[in-house]
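Protein chains: 4
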Amino acid sequence: MGNTFGRHFRVTTFGESHGVALGTVIDGVPAGLRVSKEDIQSEMDRRRPGQSNVTSPRTEKDEIEILSGIFEEKTTGAPVCIIVRNKDADSSKYEQIKHLFRPGHADYAFLNKYGMRDYRGGGRSSGRETLCRVAAGAVAKKIITGTKVIAYTLQVGNIRAEKIDYGEIEKNSVRCPDKTAAKKMEKLIESVKKEGDSIGGIIEVVVKNPPQGLGDPVFDKLDADIAKAILSIGAVKGIEFGSGFGAAGLKGSENNDSFYSKAGKISTRTNNAGGISGGISTGQDIIFRAVIKAPSSITKEQSTVDDKGKATKISVEGRHDPCLCPRAVPVIEHMTNIVLADAVLAQRLVRA
Amino acid sequence: MGNTFGRHFRVTTFGESHGVALGTVIDGVPAGLRVSKEDIQSEMDRRRPGQSNVTSPRTEKDEIEILSGIFEEKTTGAPVCIIVRNKDADSSKYEQIKHLFRPGHADYAFLNKYGMRDYRGGGRSSGRETLCRVAAGAVAKKIITGTKVIAYTLQVGNIRAEKIDYGEIEKNSVRCPDKTAAKKMEKLIESVKKEGDSIGGIIEVVVKNPPQGLGDPVFDKLDADIAKAILSIGAVKGIEFGSGFGAAGLKGSENNDSFYSKAGKISTRTNNAGGISGGISTGQDIIFRAVIKAPSSITKEQSTVDDKGKATKISVEGRHDPCLCPRAVPVIEHMTNIVLADAVLAQRLVRA
Amino acid sequence: MGNTFGRHFRVTTFGESHGVALGTVIDGVPAGLRVSKEDIQSEMDRRRPGQSNVTSPRTEKDEIEILSGIFEEKTTGAPVCIIVRNKDADSSKYEQIKHLFRPGHADYAFLNKYGMRDYRGGGRSSGRETLCRVAAGAVAKKIITGTKVIAYTLQVGNIRAEKIDYGEIEKNSVRCPDKTAAKKMEKLIESVKKEGDSIGGIIEVVVKNPPQGLGDPVFDKLDADIAKAILSIGAVKGIEFGSGFGAAGLKGSENNDSFYSKAGKISTRTNNAGGISGGISTGQDIIFRAVIKAPSSITKEQSTVDDKGKATKISVEGRHDPCLCPRAVPVIEHMTNIVLADAVLAQRLVRA
Amino acid sequence: MGNTFGRHFRVTTFGESHGVALGTVIDGVPAGLRVSKEDIQSEMDRRRPGQSNVTSPRTEKDEIEILSGIFEEKTTGAPVCIIVRNKDADSSKYEQIKHLFRPGHADYAFLNKYGMRDYRGGGRSSGRETLCRVAAGAVAKKIITGTKVIAYTLQVGNIRAEKIDYGEIEKNSVRCPDKTAAKKMEKLIESVKKEGDSIGGIIEVVVKNPPQGLGDPVFDKLDADIAKAILSIGAVKGIEFGSGFGAAGLKGSENNDSFYSKAGKISTRTNNAGGISGGISTGQDIIFRAVIKAPSSITKEQSTVDDKGKATKISVEGRHDPCLCPRAVPVIEHMTNIVLADAVLAQRLVRA
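Going down the list, the protein sequences come from chains A, B, C and D.
For the first sequence, the numbering used here begins at 1 and goes up steadily by one.
For the second sequence, the numbering used here begins at 1 and goes up steadily by one.
For the third sequence, the numbering used here begins at 1 and goes up steadily by one.
For the fourth sequence, the numbering used here begins at 1 and goes up steadily by one.
Some clues are possibly wrong.
[Stated by the list, open to error] Calculated lysine to any residue pairs in the SDA-like style (CA-CA distance at most 20 Å, straight line):
| id | chain 1 | residue 1 | chain 2 | residue 2 |
| --- | --- | --- | --- | --- |
| 1 | B | K265 | A | G115 |
| 2 | A | K37 | D | H18 |
| 3 | C | K262 | D | K310 |
| 4 | B | K142 | D | R348 |
| 5 | B | K310 | A | S258 |
| 6 | B | K265 | A | M116 |
| 7 | C | K265 | D | S303 |
| 8 | A | K98 | B | I266 |
| 9 | A | K262 | B | L111 |
| 10 | A | K251 | B | K313 |
| 11 | A | K74 | D | S91 |
| 12 | A | K61 | A | Q41 |
| 13 | A | K194 | B | K251 |
| 14 | C | K251 | D | S191 |
| 15 | C | K37 | B | R85 |
| 16 | B | K142 | B | E73 |
| 17 | B | K184 | B | E168 |
| 18 | B | K313 | A | S258 |
| 19 | D | K251 | C | E317 |
| 20 | B | K313 | A | S261 |
| 21 | B | K74 | C | H18 |
| 22 | D | K251 | C | R160 |
| 23 | A | K98 | D | E73 |
| 24 | C | K313 | D | E254 |
| 25 | A | K74 | C | A352 |
| 26 | A | K313 | B | T270 |
| 27 | B | K194 | A | E254 |
| 28 | A | K74 | D | H18 |
| 29 | D | K93 | D | R58 |
| 30 | A | K142 | C | L349 |
| 31 | B | K74 | C | K98 |
| 32 | A | K183 | B | K251 |
| 33 | C | K300 | D | E254 |
| 34 | C | K251 | D | G318 |
| 35 | B | K193 | A | E254 |
| 36 | C | K251 | D | S303 |
| 37 | B | K310 | B | G115 |
| 38 | A | K313 | B | I266 |
Keep in mind that the hints were calculated from the coordinates and are not lab data.
This is chain A alone, in the form it adopts within the complex:
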């Protein structure tokens, strides 16, 4: 279980890192959306490995094949299935460590859970699964036209963007909105890579012009659903909305966003709520940040044990990302698209 996300726009993913293919089936796609293969492929290209010197060199083109649900470039209301075949899977590196538990990886947890594991490339726990989310998000995007999800690398290691220029994001290999910081981040990543190490970071998301009223008041609050969506991405270890962890130190009079009205439009003077109040979008920008841990796969030697509990050393070979932020940006962006599309559909149901 656990391979489906969403209530109305339901995304199911399948496939393993070194299996035949990965893919997604999306149920609940409204009929009549215009979706071309290129609409999806262009988003896939932003996530695929091998796109720069700061990403994994695995040479996958991640070319999609649409199996169902789209007829003459329009969705039909039937489930949309999209697959990507694995072309450059190289399992040889995994054969030699199939009895070792890689630190930071789910090998040990998987074995405990299932009593077995597909050790090749991490199997189902591989970050490669996120390509399915990008494909689904590219379809979700068609449902929330008028709204724009902008994600970017805010921090790598201890280097933080100091200015936010959305126009810069896609111009540098780390997807940072601050040109100067971007350069430093690239250098830092290259340097840890040389050491056989890796580095963490923070991604920030701003949703411009979100519809009002998204999210439900109790368990399916919009922020709760976004939190689940984002934490379901492998390397994410935390999320905060608006003033976030900083809210601990604030008084109500400081943290409350007071309302004002201008030209007939009600708005708030501050946005400490991050655009979500009582779990429901207010219409202000939705703002959140997610922390991404350093990739667990490093060539640097680490202590570990094998599946008999015997102590040993491990150096994780393979073609890995030294920092996940650049490629996680589109993944987080598209998981957000999926949550929003789902919430937009849900909102069709709430009034008599």
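Please build the complex by placing chains B, C and D on the supplied structure of chain A, with the hints as guidance.
Quick look at chains B, C and D alone, frame taken from chain A:
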């Protein structure tokens, strides 16, 4: 929608702050669990208002009535329904502000969503709904015997606990594991209360002796489910696991938890993962922190608008908590119980 | 599990025949529907025991209490909880047979399933649970205004209605649309009752003016959902749509409903499909029939065994219905309302 | 929506009759089941077209490709995706009737629902979708070892099997357990085929040695779930369990199955309940019958209208089955496997 949580241990809640009653229906409770009324009531008492000088003075005893699913103090496999009648609802204070949007509250968002709202005491968006979660969590607890969820106030304003003594938690009114810090926190809360203001904080949770293998690899990762559960509590604005936001600045070699084996038991030297790897519990303590914003209801005057957009001032009267941490501790604890009980049941399904 | 029905209009029921109360929580009720207590109570009165000489004499008024979700006689979008307290439960008759398996009842099956059972009045397996469905159906009805679900007793024993006059249905105690047949049915029921026996029957449902396009093409076909809804009522042992089991003997050229157009409106000359084609409502009347077995509780002596497997005789005392049709008519009608309301909401999601 | 079936063993299907491929994703498959490609392919071969003179001549081999979830012939706990590419789709026959509504088909209903339709071969409403169910059922079967689902053609037109010899079923092209009746059925089918017509029938299912305790007491009764599963197959118009529609004419004393005990095993003398009591399997054989309407596609000329409402004649060319029973037998059998596997998993959750 959005009033049900969990896949196998399914908790549905209903009721409004100033309505007839609130309650929960729990479906999926295994037959044969020993559950007495007192088992549930004692947990409710930890959450109820009026328990100390740092909580809301509303005098609700929150006495439960079990309507179904328990026969001769044993669960029968039928859904368990538990209700609590509202006794001390005082809607008079709300009559005068029913056309105003309280800053920080969901009034405006609700109106946009539903085209109407039950303004009395926040209606469905009230924190009073969380009593249902405590009742359900008290039942959930019976499924995860052997595991102990410990929650406590780590921080109030900028005062942070410096030592963690679990034995202290229930001894002070803020539920802080550090006696000295607790006193400072109490003073701070009393002081903001006098100003007609309120204050935020951070709650930390440690799950001792969790089963291994809980959580699913992709969307229903254990941390993703916990994040959703915790963010679905009204005032929570962020969550982080293990090294959390600090992981941004760490290298893989620093953040990875290396394995070792002792007396035949595999463990990790550090616990930066917070007990969850690849979305699956490893058996190490599960550790996370949630930030709680300051309560939105303050008597201090704030700027706002009415539902026609007219600017005005508001002072929110009523019987409110000056800091949510003390009463949020049992709520967060029991939402965690619910997630764990659900995951424990899920785990019964994964092997042939 | 298994206590919730519906995807968008989600009805959860709880409670046992001889417990404190039974009730329903309905999630997904759109905000702004006008619903009074009387709207629901009047439907409950059609189902309650003791309404005529052909129904159980248990004297329950089944008075509802609305706990949540309705404010000033309008739904708010919050879950609606309605409960009915058991007033006339008499468990004394059950004490003496608590170790016996009543033929036709679920006693044996329950014990095997749960390893225990609440033997009082059948516990959760009692037909009394259906009162919750009527309450929920009364709310569902508000969503499908313009459509009318008409249910009636078509057959009791081997007596079948020969004419269908909807105006007659509520005028006789068996709810048969044929006045003459109704009298014969009443006599038959009284006669089997005197023998300490009971009798089966068939209920037919006609949905007038259903919306077009309800139901989904694959698993959630409208007829599949209706079948599940109706078979989930205790005594129903079969269902057929349109030409039903008679279709086995028909050729395609006989069973196909050919299309014609009149005054710009497309219709079919026959309605062998029962108003559902490919799982989707066509706009023609939806027609189906459900067979209701004779009540299992009879005073006539039967052979059985106790829970140790020892052979014995049993005579089931208590206050039982000699024929379920009269009271099953409103239950089936309201389960149909629930399915239709759910499908009407689903239909809001299918187009871009 | 509506493309997923099951709660724990979750089968999602996708694909259109004349699209690129059809397939299924099964989530919730326990890890460690031995499943070979041949295990699935052999079941597909029983359903594929072109297998005899009484089935459609479309020459599809329906060769499966397993994309995920199986590693070294064992399930891994990850979702299993199986696809079949369409090889012999011939859409030319559909081009000319793309504006006509075929009587008995869902063309008209689809257009009303979605505002558009994929007219090629019925698109998503094609019976070809059922191949996905067979693939999923072949996996489900691995979960219910010890139990055997036997389905067969009981009736074609008005010819009914008079003896039930399971050994005969796979020996004749109609899958009838009565050799003599089978011959008559074959002749009848060939004769209606020559007339350009088609014919209906009845399929009976007997589940030998089912586990006790399957099904839930209220909405998810085992018979309700089976009814939904079977009615979700395109041409099925009714279902009955045990004594079925015949129960209308029976008294309680006739229809109740009385218990007896033999060699320490409790059983019932009759099986009018069809093996399900109160929605829960008793351990007796589960028995039900489904009526299958005649295929709607006939070359015989029929009256219809086009999408402008203009009256016209239609003769449906293409490669169609003259009677669905032979190929529906494995489909119904595997839908039953799916329901049982799901219920078997559900049963793991009910006891403390």
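The hints, checked one at a time:
A threshold of 20 Å between alpha carbons decides the hint, and for B/K265 with A/G115 the separation of about 16 Å falls inside it, so the pair holds. Taking the CA atoms of A/K37 and D/H18, the gap is about 19 Å. The hint holds against a cut of 20 Å. Between the alpha carbons of C/K262 and D/K310 the distance comes to roughly 10 Å, so the proposed pair stays at or under 20 Å and holds. Restraint check for B/K142 and D/R348: the C-alpha separation of about 17 Å stays at or below 20 Å, so the hint holds.
Note on B/K310 and A/S258: the hinted pairing holds, with a Cα-Cα distance of about 13 Å set against a maximum of 20 Å. At roughly 18 Å between alpha-carbon atoms, B/K265 and A/M116 fall within 20 Å of each other, so this suggested pair holds. Between the alpha carbons of C/K265 and D/S303 the distance comes to roughly 16 Å, so the proposed pair stays at or under 20 Å and holds. A distance of roughly 17 Å separates the Cα atoms of A/K98 and B/I266; the hinted pair therefore holds under the 20 Å criterion.
Restraint check for A/K262 and B/L111: satisfied, since their Cα atoms lie roughly 19 Å apart, inside the 20 Å limit. A distance of roughly 18 Å separates the Cα atoms of A/K251 and B/K313; the hinted pair therefore holds under the 20 Å criterion. Straight-line distance between C-alpha atoms of A/K74 and D/S91 comes to about 18 Å, which keeps the hinted pair within the 20 Å bound. Pair hint A/K61 plus A/Q41 holds up; C-alpha atoms about 10 Å apart against a cutoff of 20 Å.
Taking the CA atoms of A/K194 and B/K251, the gap is about 13 Å. The hint holds against a cut of 20 Å. With a CA separation close to 11 Å, the supplied pair C/K251 and D/S191 stays within the 20 Å bound. Between C/K37 and B/R85 the alpha-carbon distance is near 19 Å, which keeps this suggested pair within the 20 Å criterion. As the CA atoms of B/K142 and B/E73 are separated by approximately 13 Å, the hinted pair is consistent with the 20 Å bound.
For the hint pairing B/K184 with B/E168, the CA-to-CA distance comes to about 15 Å; that is within 20 Å, so the pair holds. In summary, the hint linking B/K313 to A/S258 is supported, as the alpha carbons are separated by about 10 Å, within the 20 Å threshold. Only pairs whose Cα atoms come within 20 Å are accepted, and D/K251 paired with C/E317 is accepted, the gap being roughly 17 Å. For a cut-off of 20 Å, the pair hint linking B/K313 to A/S261 stands: about 13 Å separates their Cα positions.
Restraint check for B/K74 and C/H18: satisfied, since their Cα atoms lie roughly 16 Å apart, inside the 20 Å limit. In summary, the hint linking D/K251 to C/R160 is supported, as the alpha carbons are separated by about 16 Å, within the 20 Å threshold. Distance hint between A/K98 and D/E73 is fulfilled; the C-alpha atoms sit about 18 Å from each other, no more than 20 Å. Only pairs whose Cα atoms come within 20 Å are accepted, and C/K313 paired with D/E254 is accepted, the gap being roughly 16 Å.
Between the alpha carbons of A/K74 and C/A352 the distance comes to roughly 10 Å, so the proposed pair stays at or under 20 Å and holds. Proximity of A/K313 to B/T270 is assessed by CA-CA distance (about 17 Å); at most 20 Å being required, the pair is judged to hold. About 16 Å separates the Cα atoms of B/K194 and A/E254, which keeps this hinted pair within 20 Å; it holds. Our distance criterion of 20 Å between C-alpha atoms is met by A/K74 and D/H18, whose separation comes to about 16 Å.
Taken as a hint, the D/K93 and D/R58 pair is honoured in the structure, with Cα atoms around 13 Å apart against an allowance of 20 Å. With a CA separation close to 14 Å, the supplied pair A/K142 and C/L349 stays within the 20 Å bound. The suggested pairing of B/K74 with C/K98 holds, with an alpha-carbon distance near 17 Å, which does not exceed 20 Å. Taken as a hint, the A/K183 and B/K251 pair is honoured in the structure, with Cα atoms around 19 Å apart against an allowance of 20 Å.
For the hint linking C/K300 to D/E254, the alpha-carbon distance of about 11 Å falls within 20 Å, and the restraint holds. For the hint pairing C/K251 with D/G318, the CA-to-CA distance comes to about 18 Å; that is within 20 Å, so the pair holds. Between the alpha carbons of B/K193 and A/E254 the distance comes to roughly 14 Å, so the proposed pair stays at or under 20 Å and holds. As the CA atoms of C/K251 and D/S303 are separated by approximately 16 Å, the hinted pair is consistent with the 20 Å bound.
With a CA separation close to 19 Å, the supplied pair B/K310 and B/G115 stays within the 20 Å bound. Annotation: proposed proximity of A/K313 to B/I266 holds, straight-line Cα distance about 15 Å (limit 20 Å).
Of the numbered hints given earlier, the model fails none.
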